[in-house]
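Enquirer: Sequence:
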Amino acid sequence: MVSKVKVLLWLGHVALPALGLWLLVSRPELDMDYEHHGTHFWLVLTTAAIAMALGVMLFRAARMRRDARLILVSLVFQFSAGFLGLHALATPGVILLTPNAGFVYSVPVGLGLGGIAALASSVEFGPAAAARLHRYAWMLSALPTLLLVVWAVVSMAQFPPLHHAPDPAEAKGPLVGVAFVGSACYLAAAFRYGRQYARRRGVVLLSVLTAFVLLAEALFAVGFSRSWHTSWWEWHVLMLAAFVLISSSAHVQFRREGSALGLFDSVTLHQTMAGLERDYTHALNEMVDALRARAEGGVASTEPLGAVGARLSRRFGLTERQVAVLQQGAHALGSEREQVRRLGLLAAIGERSNVIRGEQELLDEVLHLVSEAFERDRFRLGLVRGRELIFADGGPADLQSSAFPLVVKGSLAGMLEARRARGRFSDTEIAMLRSFADRTSVMLENARLYQQIDGLFRSYMSPTVATALIADPSQAGLGGRIAEVSVLMADLSGFTPFSESSTPEAVVHMLNTYYGVIVPTILDCGGTVVQFVGDAVMAVFNAPAHQPDHALRAACAGLALQRVVAETAIPHPDWPRFRVGVNTGPALVGNIGAQQMRNYTAIGDTTNLAARLESLAEPGTVVIGSLTYAHLGSRAQVRSRGTVTVRGRSEPVTCYVLDGIR
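FYI, in the UniProt record's numbering the residues of the sequence shown are 1 to 662.
Because the hints were derived from the structure by calculation, they are not lab data.
Derived lysine to aspartate or glutamate pairs resembling DMTMM-like cross-links, with alpha carbons at most 20 Å apart: (1) Lys-409 - Glu-445; (2) Lys-409 - Glu-388; (3) Lys-409 - Asp-438; (4) Lys-409 - Glu-359.
Using the sequences plus the hints, can you model the full thing?
Expert: Below is the structure:
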């Protein structure tokens, strides 16, 4: 936004001429007479020459940019310059001996036509309207010349109605009318350009809108001044100031950019500016690609920009200095893009650190990511094993490489080696590589922590549950879901008599020996061991992991359990044997308990019936429920137990002794 102080200062400066005119008109005694035809001639002719030069420059810029607004702004200066020139030529005593109507009316007519063109130029034309205006550009540019020729012939030849000077009272009315209409056009145009300046700053744009205000004041001076008096000379000076202001700002812009091509870009239509921005962005991208090609050997080092630089120079009319600036911008943009790409890969390392995976697998992925970030360099990752730094290729540390330590819990855990074939890493690249090493250290620490937690969890719960909790800790919350599961219940038949006749050490030894073979057997079949209760073990299938063949898995686990128990008990004929019950049905599976302690399990009638079936089994056998048998189908080798009454059930249940699986 433009500051209020600057706006007030600008308003103060442009208001001074209006205050001066008001003072001179209200105090006629101050409006001194000064009639000097030579001074008038050269002052007006100089002003006209400056205005015409601006008009030509603007029209050339309009053709180059194909911009409708610049065409109309050029007409403002062409009308003003042409009629000012005729006003100068009609100066009494230069060509004509006496003043005529052409001398009096040429300036207000020229400024009035310029005001109409200025107001039209402030319109934000759409693409279709702008294209039509540009199509008739030559006709519009010829219009001032045509009007000037007609006016010059009539005025200089003193044809009616321009053959004599009008009476001052007679001329006052038309002059005041033109002053009001033309000034309103200029002020409206200046207001619109001011709104554009608030959105898009530009020295030339500010000069144009200021010049329009000065031309509006000049028209007022034309309408209310007295010939050859101070108020009359004021509008001559105002017009000169307006055109000199634009010329000087254009010169400043030229000195700054070193080229005349973009002097009036800030005045153009929004669509023209948007197209220029697209072109410049495309040029910058081309330059970035050219610099990358040069870095990769695609462009000879003796030709820094290659054909791209020459093509862009011709396309945009760039000077050598501008091409150099563009090259610097391309360097900066290329570096920024490369930095963003590398930061993306660095963020990818951070994402990998939250995934439960093997340590070596993660390190291999880090090595791939850092090699992708620095494509032309060579990297190695080594880990400290037994106080020795070991690299995957088995080679020793490279003393010629840059080394970035991996630190875990304050101790050296490894090393990231980076080597560049030619040259050295920049400070920015070194900082980036340090960040890669730091992220890798965090990832390595997380991986080792996950391994420790995973090992600890697996010591106290089923690996399936442990893996699910580590991957998603939110699953540890209390509650559950209804799912169809197969529940395996197993306990020792005759455990109580054995405990009474054996020492506690012998009982614990027996249980640990049995569970040492039972648990791996259940896990191999995909079961989740949810609890041990003395001599009993419970396992669930189809939770938490989905298993479409959960009934088959549970049945196979029951048979395998009996086989490994029988083999384990061969040296111990006095050890009791297991009874196994398997049942399938819906159950509530999840974390049951309190905030302080909880257990993943399955509860419901399906679990209760599995326990009842287990109590019906003979030692060394497996009893399954009817729904489990239905899931197994013809694959099950069974002996029917018929219908039996079990505790907690009002209706008898059908069960089977499972002898094998086909």
